[in-house]
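Engineer: Sequence lines, in order, name chains S and E. The opening residue of the first sequence carries number 1 in the working numbering; numbering runs sequentially from there. The opening residue of the second sequence carries number 1 in the working numbering; numbering runs sequentially from there.
Since the hints were made in silico from the structure, they are not lab data.
Coverage of chain S stretches by chain E, computed from C-beta distances (three or more under 8 Å per stretch; other residues unrestricted):
1) 28-42
2) 45-59
3) 102-109
Computed from a predicted structure; not experimentally measured. Every residue gets a Cβ at the ideal spot worked out from N, C-alpha and C, and that includes glycine.
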Amino acid sequence: KAGVTQTPRYLIKTRGQQVTLSCSPISGHRSVSWYQQTPGQGLQFLFEYFSETQRNKGNFPGRFSGRQFSNSRSEMNVSTLELGDSALYLCASSLALREQFFGPGTRLTVL
Amino acid sequence: KQEVTQIPAALSVPEGENLVLNCSFTDSAIYNLQWFRQDPGKGLTSLLLIQSSQREQTSGRLNASLDKSSGRSTLYIAASQPGDSATYLCAASVGSNDYKLSFGAGTTVTVRA
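Same shape as in the complex, but just chain S (with noise of 0.2 Å):
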């Protein structure tokens, strides 16, 4: 069974522009969720989807946005990127009991 797959693995934007991200998760997962890694701040959460609806959100400007589509799949988007928003952003799939199935992130370096 194919996991979480992430797309594209590494991006270098500028600030001011805005990137999409994209996750794959594992086939039949239908909860999708969102993190962002900094060395400073850590794993932090950003939303969870499931069958389309956005369910949880963290505390994370309206900047970040995301969605997710019939077969699952997920995008997150983040408009006007600034320098802080230099991080991995890892995407995570669930079925049973919640056990989350991370993706290998996505590298976004923001010049």
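Given chain S, put chain E in place with the hints provided.
Structural biologist: Quick look at chain E alone, frame taken from chain S:
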């Protein structure tokens, strides 16, 4: 709000020694607790999941315990090997329908050959 703490932040041991990694959480009303391993620049690999009704879980050389009353979980790694060198993170989820994980900052383990 669930706060998760992992102490120590870093640990260095000789090969063959048993590892004991600690995780504490503030809200005892957890749904489950999950231990992960992260290699530098990589994603998270799930090691063990302990449901709130369980006291421990085992997988090979790994054993994790959960004590909700004291707000603690411990990950034991027997007979450590250099390949066990990584950062280990614990994460707790709470609530009846909340998939959000609250993570500790992690313990970075180095196993010396």
